[in-house]
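Asker: Below, each chain spelled out in residue letters.
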Amino acid sequence: MGDFLTIERKLAIQAWIFLAVPIVFFGVIRFYPAFESFAIAFTEWNLLSPPRYAGLSNFSRLLNDPVFWIAFKNTFIYLAVGAPVSLVIAFVVAYYLDQVRFAHGLIRACYFIPHLTSTVAMAWVWRWFYQPPPVGLFNNLLNAVGFDTQPFLRSTFQALPAALAPAIWAGLGFQIVLFMAGLRAIPSSYYEAARIDGAGRWMVLREITLPLLRPTIVFLVVISSIGFLRIFDTVYNMTDNGAGGPLNSTKPLVLYIYETAFRSYQMGYAAAQTIVLFLILLVISLVQLRLMRTRTS
Amino acid sequence: MPGPATPLFDAERPWRVALAERPGLVVAWTLLAIGAIVMMTPLAYMIGTSFKAPHEVYEINLIPHEPTFENYIFIFEKTRFGLWFVNSVVTSALVTISVLFFDALIGYTLAKFEFRGREFVFIAILSTLMIPTEMLIVPWYVMAKNFGWLNSYWGIMFPGLMTGFGVFLMRQFFMGVPDDYIHAARIDGLSEFKIWWKVALPLVTPALSALGIFTFLGNWTAFLWPLIVTNDRALYTLPVGLASFSGENLTDWELVMAGATIATLPTLVVFIVFQRYIIRGVVLAGLKG
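Chain order of the listed sequences is A and B.
Read in the numbering used here, the first sequence has 1208 at position 7, and its numbers run on one by one without any break.
Read in the numbering used here, the second sequence has 1211 at position 264, and its numbers run on one by one without any break.
Hints listed in this document are in silico derivations from the structure and should not be mistaken for laboratory results.
Take the hints with a grain of salt, since some may be wrong.
Think about it this way: if two alpha-carbon atoms lie no more than 25 Å apart in a straight line, the pair counts; the simulated DSS-like pairs of lysine-lysine are [unchecked claim]:
(1) K1025(B) to K1211(A)
(2) K1025(B) to K1141(B)
(3) K1059(B) to K1211(A)
(4) K1211(A) to K1145(B)
(5) K1141(B) to K1059(B)
Generate coordinates for the entire structure from the input sequences, incorporating the hints supplied.
Answerer: What follows is the structure in structure tokens.
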């Protein structure tokens, strides 16, 4: 018996030896900075002089900062348009692609590849497409079929959807692959039963496919929402000097955080903004947990 | 010998038969194929234009009439793309090795050792998934500045050396490894490290390859942190270098496209070589995550 205990203890010690470096890493590189962020948010700090306690002033400043609210609104539009549009397209493609046998792998690869490629590189390709004639592909095509030249990235109205398009395009492949996996996981006995009962296509889709896909749908809604809330690379690379213009019309929250911290060196104010972002993401994750749990109960 | 023609639609499952009976599905296939071409258009134009001479850039033809390597020669001789490429390869590869080593070791320890505090460590590591990178960049920057890590490979790499997601994934897979194998190895007198390295690791290679591919691609395309931690052009990674180069050569689209192609090509190669692992890995990560 005593022998048995020593082996157990030996293994426990071994476990902590394996975990020693990782614990230091997660403590120093993940947890400590996360708490530090909260602390910095209550200071005024330009990195040159030591941080000065500033109470809630960064947060009250947020409430009265028009640029912050513009960035907040833009981020919300990226999310509210980007997530539903991409999910609907992805579902329709997956629903039909799932039934395709001819060239299935090739077609799937075409939809999926943009998801893996460098977002920065792709942002520049799209930026080129949006240029005025004779440079940009889109305007050349529009002109060729008799439409007027569009300003795209130069217009305060069109720039945001123009910057959103490549983000949707790049995310589709991931959503399609997961939707198809979800569709394949539905046992065919359900469909057989529905067929025997004489259910129509729409009925099968509404009563069987969509309800059984619910875990996939919840997961994808959350993942893509988080993705659009954190949009940065595309907008930074598609707007002049990475400023989220014209006139802040495309600026998302993360870009404003970047500017506040690394262009104007207001670390305290930037940290306060990151906390707002963190809280939004936290709410979304909690909603996801809630939705997943109601399904199992 | 020509095999049987591949049917347009899969007829194995009943609902698929029902769908295949509808002639509208030929239309659906055609639309899917057009969609696939549209999806590939940006990549096709990027690559095509990178081989065009300046006077051809504004023409709509995809394949250049007089293909040229001039843009690539210019980029490798007159700019630092070659160096940025090396920076990206080295930092992405080292981070990937670190993630594979540590995440697999942590995952194994949490799956196969019994000790007090195990659940706590697991939940603590898992909870780091809730902390967005954006919240950490200010403290990381301050840390890098204080320790002199700005403009260094270490500065680019340190935030990503271990990941909560990888730990979670590896733990799931190690839980599927039978305890008997480990006990047997222990009786044979192998050290605990050797048991992990020689007995357990080979049993989870599918998970390792998926984690490795995604870690590499994620670091290869990473932009925000390398942009912050480097301002010395010699230390830029490819995405940061491409962004800066393109911003300065806004009208030379053929050069921008050559640079974009260089940044994209390795991801395409990885996809073509590891296609099966990648698609399976996405599903795996999605379902487990």
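Asker: Between K1211(A) and K1145(B), is the straight-line Cα distance small enough, at 25 Å or below?
Answerer: 20 Å, holds
Asker: Are K1025(B) and K1211(A) close enough, with their CA atoms no more than 25 Å apart?
Answerer: 60 Å, violated
Asker: Run the distance test for K1025(B) versus K1141(B): straight-line Cα separation, threshold 25 Å.
Answerer: Violated, because 49 Å separates the two Cα atoms, which is more than 25 Å.
Asker: Keeping to a limit of 25 Å between CA atoms, is the pair of K1141(B) and K1059(B) held or broken?
Answerer: 14 Å, holds
Asker: Decide if the proposed pair is consistent with the structure: K1059(B) and K1211(A), CA atoms, cutoff 25 Å inclusive.
Answerer: 14 Å, holds
In this structure, the earlier hints numbered 1 and 2 are contradicted, and the remaining ones agree with it.
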